[in-house]
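Chains as they are written, first to last, in this note's numbering: chain A, 18 to 152; chain B, 17 to 366.
Some hints could be false.
Okay, derived cross-link-like pairs now, BS3-like style, lysine-lysine, Cα gap no bigger than 25 angstroms in a straight line [stated by the list, open to error]:
| id | chain 1 | residue 1 | chain 2 | residue 2 |
| --- | --- | --- | --- | --- |
| 1 | B | K340 | A | K73 |
| 2 | A | K116 | B | K360 |
| 3 | A | K116 | B | K340 |
| 4 | A | K132 | B | K104 |
| 5 | A | K116 | B | K104 |
Quick caveat, the hints were computed from the structure, so don't treat them as lab data.
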Amino acid sequence: MTLAIPRFWREIQSRYNLIGTKCGSCGKVDFPPRAVCPVCGRKSIGKMQRFQLGGKGSVVTYTVIHDAPAQFEMQKPYVMAIIEMDEGVRLTSQLIDVKPEDVRIGMKVQASFRKLGQEGDAGVIHYGYKFRPAG
Amino acid sequence: MKSGIVSYGGYIPRYRIRPKDIGVVWGADGEAMGRGLNIRAKSVPGPDEDVITISVEAARACMAKVDLDPTDIGAIYVGSESHPYAVKPTATVVAEAIGSAPVLTAADFEFACKAGTAAIQTTMGLTLSKMMKYGLAIGADTSQGAPGDALEYSASAGGAALLIGVDHVAAEIAHTVSFTTDTPDFWRREGQRYPSHGGRFTGEPAYFKHVLNCAQLLFKRAGTTAEEYDYAVFHQPNGKFPVRAAKQLGFKEGQIDAGLCVREIGNTYSGAIMVGLCAILDEADPGDRIFAVGYGSGAGSDAFDLTVTEEIRKIRRDATPSIKEMMADSVFLDYATYAKYRGKILMREA
Numbered sequence: 018m019t020l021a022i023p024r025f026w027r028e029i030q031s032r033y034n035l036i037g038t039k040c041g042s043c044g045k046v047d048f049p050p051r052a053v054c055p056v057c058g059r060k061s062i063g064k065m066q067r068f069q070l071g072g073k074g075s076v077v078t079y080t081v082i083h084d085a086p087a088q089f090e091m092q093k094p095y096v097m098a099i100i101e102m103d104e105g106v107r108l109t110s111q112l113i114d115v116k117p118e119d120v121r122i123g124m125k126v127q128a129s130f131r132k133l134g135q136e137g138d139a140g141v142i143h144y145g146y147k148f149r150p151a152g
Numbered sequence: 017m018k019s020g021i022v023s024y025g026g027y028i029p030r031y032r033i034r035p036k037d038i039g040v041v042w043g044a045d046g047e048a049m050g051r052g053l054n055i056r057a058k059s060v061p062g063p064d065e066d067v068i069t070i071s072v073e074a075a076r077a078c079m080a081k082v083d084l085d086p087t088d089i090g091a092i093y094v095g096s097e098s099h100p101y102a103v104k105p106t107a108t109v110v111a112e113a114i115g116s117a118p119v120l121t122a123a124d125f126e127f128a129c130k131a132g133t134a135a136i137q138t139t140m141g142l143t144l145s146k147m148m149k150y151g152l153a154i155g156a157d158t159s160q161g162a163p164g165d166a167l168e169y170s171a172s173a174g175g176a177a178l179l180i181g182v183d184h185v186a187a188e189i190a191h192t193v194s195f196t197t198d199t200p201d202f203w204r205r206e207g208q209r210y211p212s213h214g215g216r217f218t219g220e221p222a223y224f225k226h227v228l229n230c231a232q233l234l235f236k237r238a239g240t241t242a243e244e245y246d247y248a249v250f251h252q253p254n255g256k257f258p259v260r261a262a263k264q265l266g267f268k269e270g271q272i273d274a275g276l277c278v279r280e281i282g283n284t285y286s287g288a289i290m291v292g293l294c295a296i297l298d299e300a301d302p303g304d305r306i307f308a309v310g311y312g313s314g315a316g317s318d319a320f321d322l323t324v325t326e327e328i329r330k331i332r333r334d335a336t337p338s339i340k341e342m343m344a345d346s347v348f349l350d351y352a353t354y355a356k357y358r359g360k361i362l363m364r365e366a
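So that you can see chain A by itself, here it is in the shape it has in the complex (with noise of 0.2 angstroms):
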């Protein structure tokens, strides 16, 4: 449990406002943020920037998830989705305010913001995004 509260804190700005890096060199958008860029490699080094996604995309794929592990039970049958942001970058997340019957792929979805889990009923309480369908 207490490996969790660092790691899960690292990741804050990420979850909670989308924030990824854009490279200084060659312009490419990363979720998560990335030290280094993957394709300008070295040239990348000290111009990583940080980017914030817009947090409106549409859905690439998806899966419904029937049998869920302990902590999703509340909320079977639900749907994990790999999302296109409109910046180009792809993210999974969970769909929430749809019925899996519902979601189509390129459905458009904007991020909110949810809880995502607990560690146990004295823990910490992680929250983030999660993509419901476009208003």
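With chain A fixed as given, assemble chain B onto it according to the hints.
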């Protein structure tokens, strides 16, 4: 120089349950209960929603309407009686999630249903004294009534955030006044899961005494009468109390209708009057006057005299769904699903 509301935003979870679906489980006439309380449905938070997520969504809706630098917010106060942590602030999560951290002060407030209006008054003082440019006052709750208790028919979830400052003020607060006594009408002891209340004692000596006295004090201070206001909004623990209080103060139905959200979403506690105020700001025009009186058990009332300014036209009110749209966007649950979502079912440890 006057302080006031610079921007506003609300959030109401999508899930709803009807009083009749609660009553059927407890062998009570839920429909009659709903009629008595003047509540058609109450909002229910999803299993991944709590006061922190509601506060963040409301704060983001508030900031999405204006082009202001979030680092100009010098204080964030979140009023609630259902903060997810007993120790660790909700306000720090909000500060990080809207990009206001780290140079600001933050704290959680508690005063039953009026902690949010207390946060408005605090941020008014901080901005009027020029200690900071803006302060964010939030009221949010995911309150629970004990299963089968009368409160279970009304205790719901929702919240609102008001950005308070002296520049770009869209609704000027010309006067505010409070009325506070030690009245044990409703409480929750440390470690207790559900609140307790004094039944009928929550009416006359509690809600009505504080709301009516505070309202009269505000009339006196502002030198106004009920007919001078376009809108009036009150704390709304049910759909009956605020209507009766409004009538006694001389307000007509047309003045209270826009802010009376309790009929569709139940009692959002610390969020109640602030969500009602947001619903009014969604449709108000420059020059409109708003009379607002909150109430928190324990007990106290905070009253505000507001006047909408030309700045309301500069706020992007359509940047986020209106309160009316959020009230209409609903998914109804049966009692079993509601009990599951609200953690009323004993599960094995995750």
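Here's how the hints hold up against the structure:
no.	hint	result
1	B/K340 / A/K73	24 angstroms, holds
2	A/K116 / B/K360	23 angstroms, holds
3	A/K116 / B/K340	23 angstroms, holds
4	A/K132 / B/K104	16 angstroms, holds
5	A/K116 / B/K104	34 angstroms, violated
Consistency note: the structure conflicts with earlier hint 5 alone.
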